[in-house]
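K.L.:
Please model the complete structure; the sequences and the hints are all you need to start from.
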Amino acid sequence: MKLHRFGRLSVVALAGSLALAACGSDDNSDETTGSDAPAASAGSSTAPDAGSGGIACPAGGGTLNGAGSSAQQNAVSEWTKAFQEACPDVTINYNASGSGAGRQAFIDKQVAWAGSDSSIKEEEKTQADANCTGGQAINLPMVVGPIAVAYNIEGVDELNLSAKTIAGIFTGQITKWNAAEITAENPDADLPDADIVAVHRSDESGTTQNFARYLDATAKDIWTYGTEQQWPAAIKGGQGANKSAGVADAVSRTAGAIGYVEYSFVEDAGLSAAKVSNDGQSFVELTPENAAAAVADAEVSGTAPDLALSLNYATTAANAYPIVLVTYEIACSAGQPAADANLVKSFLTYTSSTEGQALLTDNGYAPLPEEVRTQVAETVAAITPGA
Amino acid sequence: MATTPPDLDKPSTQLGTTRSASGVRLGDRIFRGSSMGAGIFVLVVMAAIGTFLLIRAIPSLTSNESNVLTTQNFDPDNNDWGIAALAYGTLVSSIIALILAVPVAIGIALFISHYAPRRLAVILAYVVDLLAAVPSVIFGLWGLRFLSEHILPIERWINDWFGWIPVFGGSVNSASSLFTAGVVLAIMILPIIAAVCREVFLQVPRAHEEAALALGATRWEMIRTAVLPFGRPGIISATMLGLGRALGETIAIALILSPSYAINASVLEIGGSTFAANIALRFGEIAETGRSALIASGLVLFLITLLVNMGARAVIARRKEFSGASA
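Protein chains in written order, with the numbering used here: chain A, 576 to 962; chain B, 547 to 873.
I should point out that these hints are in silico values taken from the structure, not numbers from a laboratory.
There could be a bad hint or two in this list.
[Claimed, not checked] Beta-carbon label-pair distances, calculated as ranges:
#1 A:Q648 - B:S717: 31 to 41 Å
#2 B:L615 - A:N640: 37 to 47 Å
#3 B:A594 - A:N640: 25 to 35 Å
#4 A:T638 - B:R702: 32 to 42 Å
#5 A:Q685 - B:R702: 24 to 34 Å
#6 A:T638 - B:G596: 34 to 44 Å
#7 B:T608 - A:D732: 33 to 43 Å
#8 B:V713 - A:D732: 36 to 46 Å
#9 B:L615 - A:E930: 50 to 60 Å
Note that the Cβ used here is the ideal one computed from N, Cα and C, for glycine as well.
P.N.:
Below, the structure written as structure tokens:
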């Protein structure tokens, strides 16, 4: 009886492994047929060659592991899709575990590159540099995500808000939609006598930090809470929600709510984004171009080849939407094992190419301004593998 | 067992069929060894978890400039953090959950074991067991999307009428409160407590019940004098099981609460946070010191759960001699 049962089990196991093997061979055939389609990938496994869409496949293929920021998750997955289509022998895994976790994984050599909402910090950089023999850990600005101030007021399709008013709303000093500060900026809008529910991120987040940096730079007399990744606990009132999707969801469910959230989530949730003004005069609409205009104003604060950006949040340039989140790719300028370095280099070459950046505009991100992009591309081109 | 016979190796070729000289089968010895190994393994795992948490927690504990046990704020980047607010939120939400869930669970269990017609009882028992298996994220989403909208008027009503009691005081403008979290936790732990209590109530010796009835007790008096005293250790361990789940519940709380790091006497006001939810919300983006601080808070949760369980064991051990001995 016992033997009989084992016999049955082994039959199942055998069948299973056969089925798996069948799957495997299916994949293989897919791969061979798939590689016919993109012209570039034909010689991909032998030598690096310039492919279509700015993709140069690395020699020998392989697996590239990255981890970090969830804000750039959509961007990386779009890039990964395009890259793997052109180079079928390359597998790219990106684990959106969060910026801090990504940087830690990079330090621990678990991943070849990390995505991060903020440039790598001093103490972490010293640890990370140890992995980059003969080089250093560098910040490469790669994904620009505008942060929208999304609102939900019935019958109001357009809302103008100055930096000071935004600060007043989110610190709980302005509590009604028909407060004098808001109506002064929106003479034409029919604002209700309703309570404002200010929604913020309840989790630790680079979005919160950039929003705080913006308010800190433009409305320092009202926003006195520093620039932490966690929403300041000292602010009373306000409603916390988990992750970007949670904020977008809370705003769309609550009448009279307002929240800050990445642009792509606003589009998905069908919310309206306020026009924002730094000088209180001209109100700028949120479009990818306007967000990119704000980044063009940014200065490189890192020392080459580190390209950490310092954004000018208080910009008053016409058509510059000032609340933007710049996320970085953190990689080694030199000294990583050849297999990793080549993969990182060719992937980042693609992401910093004009084609790679163009892919972003359709996904709620803004492209890097040309000047910054060329610097990033040059830095990536200088990445060298270790011995 | 005491002496190891020398011929033990010989019969081992015929597995489990031959007795050794002392009368212990080889199969028994293997089974005893492996089960003892499993028992030791559990202890080793526990110790390893404790050590891991302690080692990872030390950097943040040494760099912290505030008192870990009394500080309410949680700002490890500026070396100003403590677990006071987290411990408070965790315990308060769990206690609310127990207050709401235990009486109802005992009622359900009694109904199934002593009142419901047999066919209905079978179905009910099945449904309760099924509920116990619902993943907590489902409760969290339900709490976020449905309950928090519908419980707000109730919280306002409690606030209006009982606002003079500090616990229900403050201004209620959002349902993201410890009370809402407690209600969701209560619903979450209800099936577990009910299921365990039902099993215990079914164990009550028939003789006890019949003796009570024979003495002229009504059904309720029979339950009070025979069923509940017998089932008390079971009720306590069921409660502790539920408390364990409530203390460690993560995702449902993270979804519902709007975190703040302050001890607020009112359970109806927005804010509050728990150990598990705080770790889940902050772990991904936090830097190195912060990660260590979160692990330190995890260590405290680990210790609290350990203490709660040990306390429950002690209570059950003390009660056993009164109720179990006569069975």
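K.L.:
The structure should be examined with respect to each hint, and the outcome stated for every one.
P.N.:
Structure-based check of each hint:
1. A:Q648 - B:S717: 31 to 41 Å: At 38 Å between Cβs, range holds.
2. B:L615 - A:N640: 37 to 47 Å: holds (40 Å)
3. B:A594 - A:N640: 25 to 35 Å: holds (27 Å)
4. A:T638 - B:R702: 32 to 42 Å: violated (55 Å)
5. A:Q685 - B:R702: 24 to 34 Å: violated (49 Å)
6. A:T638 - B:G596: 34 to 44 Å: Holds, at about 36 Å.
7. B:T608 - A:D732: 33 to 43 Å: Hint violated: Cβ distance 55 Å, outside 33 to 43 Å.
8. B:V713 - A:D732: 36 to 46 Å: holds (44 Å)
9. B:L615 - A:E930: 50 to 60 Å: holds (56 Å)
Checked against the numbered hints listed earlier, the structure breaks hints 4, 5, 7; every other hint is satisfied.
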